[in-house]
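A.B. asks: Chains as they are written, first to last, in our numbering: chain A, 1 to 443; chain B, 1 to 448.
Treat the hints with care, since some could be wrong.
Derived BS3-like pairs: lysine-lysine, alpha-carbon spacing no greater than 27 Å straight-line [as the list claims (entries may be wrong)]:
1. A:332 with A:288
2. B:410 with B:359
3. A:219 with A:73
4. B:247 with A:288
5. A:288 with B:219
6. A:432 with A:288
It is worth saying that the hints were derived from the structure and are not from the lab. None of these values were measured; they are calculated from a predicted model.
One letter stands for each residue in the lines below.
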Amino acid sequence: MLGAIATWGLRFAAVVCGVMLLAATTRAQSSSEPGIHLGVATCSGSNCHGAMERPPGSAVPGDEFIIWSKRDKHRQAYTVLLEPRAVHMAQAIGLPDAAHQTLCLNCHADNVPPDRRGREFQLSDGVGCEACHGGASGWLGIHISGASHQQNVAAGLYPTDQPVARAEKCLSCHFGDSTRFVDHRLYGAGHPRLAFELDTYTAIEPAHFVVDQSYIDRKGRVGDVQVWAAGQAIALRRRMDALLDPRHVPHGLFPEFALFDCQSCHHPYDSLHAPLPSAGGLGPGTVKLYDANALMLGLAASRAAPEAARALAAHMLALDRATTENWPTVQKEAAAVRQIAGDLAPLLGSYDFTPDDMQALFEAQIRLGTASGDWRFSHGEQITMALEAIVANLKTAGYVGDEQAEAMTDALGPLYRSFLNDEFFRPSAFAKALKSLQLAPER
Amino acid sequence: MTTGRFFATSFAGIAAALALLAAAATASAQSSDDGTHLGVATCAGDNCHGAVQRSKGSSVAQDEYRIWSQKDKHAQAFKMLGGDRGRLIAANLGLGDPQKAPICLDCHADNVAPTRRGPRFDIADGVGCETCHGGAVGWLGLHVSGASHAANIAAGMYPTDQPLARAQRCQSCHIGNPDNFVTHRIMGAGHPPMPFELDTYWAIEPAHDAIDAGYIARKGRPNDIQFWAVGQAIDLEKRMDLIIDPKNAPHGADPELSLFDCQACHHSMNDLQWRARASTGLGPGRLRLYDASAVMLQVVAARVAPDAAAALGSHLLALHRATEAAVPDYWTKVQAEAQQVRKAADALIPILAQHNFDKSDAMALAKALVASGIDGVDLDYSGAQQQTMALESVIAGMKSLGFADDAQIKGLNGALGGLYQVVANDQAYRPDAFAAALRQLGTKLPQQ
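All chains, full assembly: derive it from the sequences and hints.
C.D. replies: Laid out in structure tokens, this is it:
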């Protein structure tokens, strides 16, 4: 995927950043695995992952550390905690600073306990190698001795190449889990909105792996659409986890607003924001749950698991309605949605999306975006990233030629531009840009 | 008040930017039993209120109908229901024809019962004469025969010249009563927000009364500061009634959002907006009840009834706190605190309605308004908007009551223009810019 997507990522990095600049600094890391985190310096040797050019016989380009340290915002995740915005945020919620707080460090650094930090470990490295790939003490030895990928993984390397595993890891921060969650109090204090789509964000990170023959031989080929679909399933499951979390039961008047659609409230009220409500959904003037992941997952499953897709839609509708009724019903429906999303993740993460599937998915995305009804900024954002993942997949799988892929990628530009600023987002401009998109895979 | 109030003309545009569409939804009579409404045509005769020129000996300018029909958005209130936006809102709400829906007509027309509509009554006249002045059937005879104002009132004309009565009438739509409240569902369907301040909106309506010697002889001299103060108290009282109303209790996780501060949610996520506000005690990321009228009322009460001001402040804080009480019956607590705030406002109303706001009051209130804005951190957009209109009312009072000379008024109005610029667009509002504009206005205040 990286050919097309990395190009896209570079070309549209500025555009994408306009949407989610600061959000990209928070990053999945996990501290649940047992190993010692040896530190970024352990990996960045010029014979290892800090090479200026590919070492002879190396299975990887060797420049992974250089890409991370120079271009990847994960590298800055800790240092942003020292900036005025972070200090302001900390003060707003009654903390003396941001850079010493578990609340912040759990996602802005590789915040493993002190007894699991090796000699070269630096908290200030931000979200470094082992935040995602796992503490290396158990596998570094075999890793530098030419072990296979499977052996590395068996010894404790985290399988970020697998869609579901990657989704779990990235979303543990880019949505959150039971130990880290950007709640609305933190948003209100100034935390940027967390926008995310696994496949697109892998590309614009930018990815520091190259899917070449050596990669495919060692790890197999994973399609962008699989990554996208697994990302949607895990994101939805995590959202339901959060909705079911006893800490997020409404306190007095306030539900946990972070679980709702940001633009449902944060929009200028001088525009006619809401068109006709969708059939059966919530009427005008109500705060709506964020549902873009569920919509995406429904489309992803519509051919692979049509019954699950239908059940998902029914439970999401019931969930939406329940928010204006009572919390026990919200929890009941959230549990049902959670189950479906959890079941779909492994299924879709390994599903063989055929060119026909992708064509149908592409068309379904366009239908969703051009249909009138209850339609939101968050939908447009996810539709656009879904289309990007489909185009990338068609290209890397050889279903479309370079030229055609480039033309399709170019056509995504107006889509991105139409929601560059959520304050001035107009569904009509987005729908117009969508209608002009064509997909005609070569067969 | 057609005496050339600066902002009635110069800032109509800016005020309109705040309030343009909202102004169309307007004060309807709470005309429950004020007789038959004879219709606008009954009043618009060219010997009566539709004259091109004042007739000899007339106690009023007689162009009242012409001002209303040509300049006043109340005359368009019904028609605008049939426009694109009105129809869209009705469609979003599943209402059918908005020009037939009582929920719309109750404020967009003089929606009295059919049995109380005279032969010349026309619903399409929108918010017409009798919507505010009351059904004329009982007093028209006296009125055209030269009765005194007091005699007209005694016969059933509504006393819009009295601050309390005017506030009740205008604000019965320009906030609403429990039965004609613009809920968030209606807002979400496309209804514009409804900023209001009694004295300023009276001026920009534009008012069709001329405060000349004849007016003063018949009705006394109006005091803009008093209209402002009473308007704030009634606003607060009505808002508390809406909180107490069982219809507005939360449904599941969905509260009646129209009770809350619009910009608490409707703001950009791209700026760091939140600031600690001691008067709410709420942390970041919370919904915040609209409280601008309570904040204004505290400023005026601090001058005329300091004990009441303190009570109001503490009940207001308790009300805000109750909204985040982590208990199942939190809404009962919210309602109980709203009841307390309402009581505090209630106690202030007779004091404000009777207080003679003199020159020293005007100066003290102007200073207090400026200072509370600069010192305080309470400058939400809605607060700044009310503060701007409060200062306009105080300055208008200074002018009409002769508390400042022309040059001073000119300087103050110029500085007021700076405030209006800052609040012209809620999305672009910046508290520091507002504080700077307030400081500038402070330098123009006359030294006593």
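A.B. asks: Check each numbered hint from earlier against the structure, then list the numbers of those it violates in ascending order.
C.D. replies: Violated: hint 5 alone.
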